[in-house]
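Chemist: Sequence:
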Amino acid sequence: MDKLSLYLRESYDELMHKVTWPSWAMLVDAAKIVLVSTVIITAIIFLMDVVSNYILQIVYGL
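So for the sequence shown, the numbering used here puts the first residue at 1; every next one is plus one.
Hints should not be assumed to be uniformly reliable.
Claimed, not checked - Below, simulated SDA-like cross-link-like pairs (lysine to any residue); rule was C-alpha separation at most 25 Å, straight line: (1) Lys18 to Asp29; (2) Lys18 to Ser5; (3) Lys32 to Leu47; (4) Lys18 to Tyr7; (5) Lys3 to Leu15; (6) Lys32 to Thr42; (7) Lys18 to Leu6; (8) Lys3 to Lys18; (9) Lys32 to Ala43.
Since the hints were derived computationally from the structure, they do not count as laboratory data.
Sequences and hints are given; from them, build the entire structure.
Modeler: Have a look at this one:
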C-alpha cells in the first residue's frame, strides 16, 4: 500500500505543480482547429464517396 500511496501523491504533485496547463484561450483555439479540421476532412471523404458512387454507377450501368 505504501507504493500505491506514494505513486498517488507523486502523481498529484506532478499534475498540480510541474505540468504546464494551457490557458482557456489556447484551449478554445485548439478546439476550434480540431472542429474545423474534422468538418473539412468529413467533407472531403463525403465528396470522394459521392464521386466514386457516380463513377461506379456509370461503369456498371445501374
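Chemist: Look at each hint and say if it fits the structure.
Modeler: Against the structure, the hints come out as follows:
1. Lys18 to Asp29: holds, 23 Å
2. Lys18 to Ser5: Given that 25 Å is the threshold and the Cα spacing comes to 19 Å, the pair holds.
3. Lys32 to Leu47: holds, 23 Å
4. Lys18 to Tyr7: holds, 15 Å
5. Lys3 to Leu15: holds, 18 Å
6. Lys32 to Thr42: OK: Lys32 and Thr42 at ~15 Å, within 25 Å.
7. Lys18 to Leu6: With Cα atoms ~17 Å apart, Lys18 and Leu6 stay inside 25 Å; holds.
8. Lys3 to Lys18: holds, 21 Å
9. Lys32 to Ala43: holds, 17 Å
Comparing the model with each numbered hint stated earlier shows that all of them hold.
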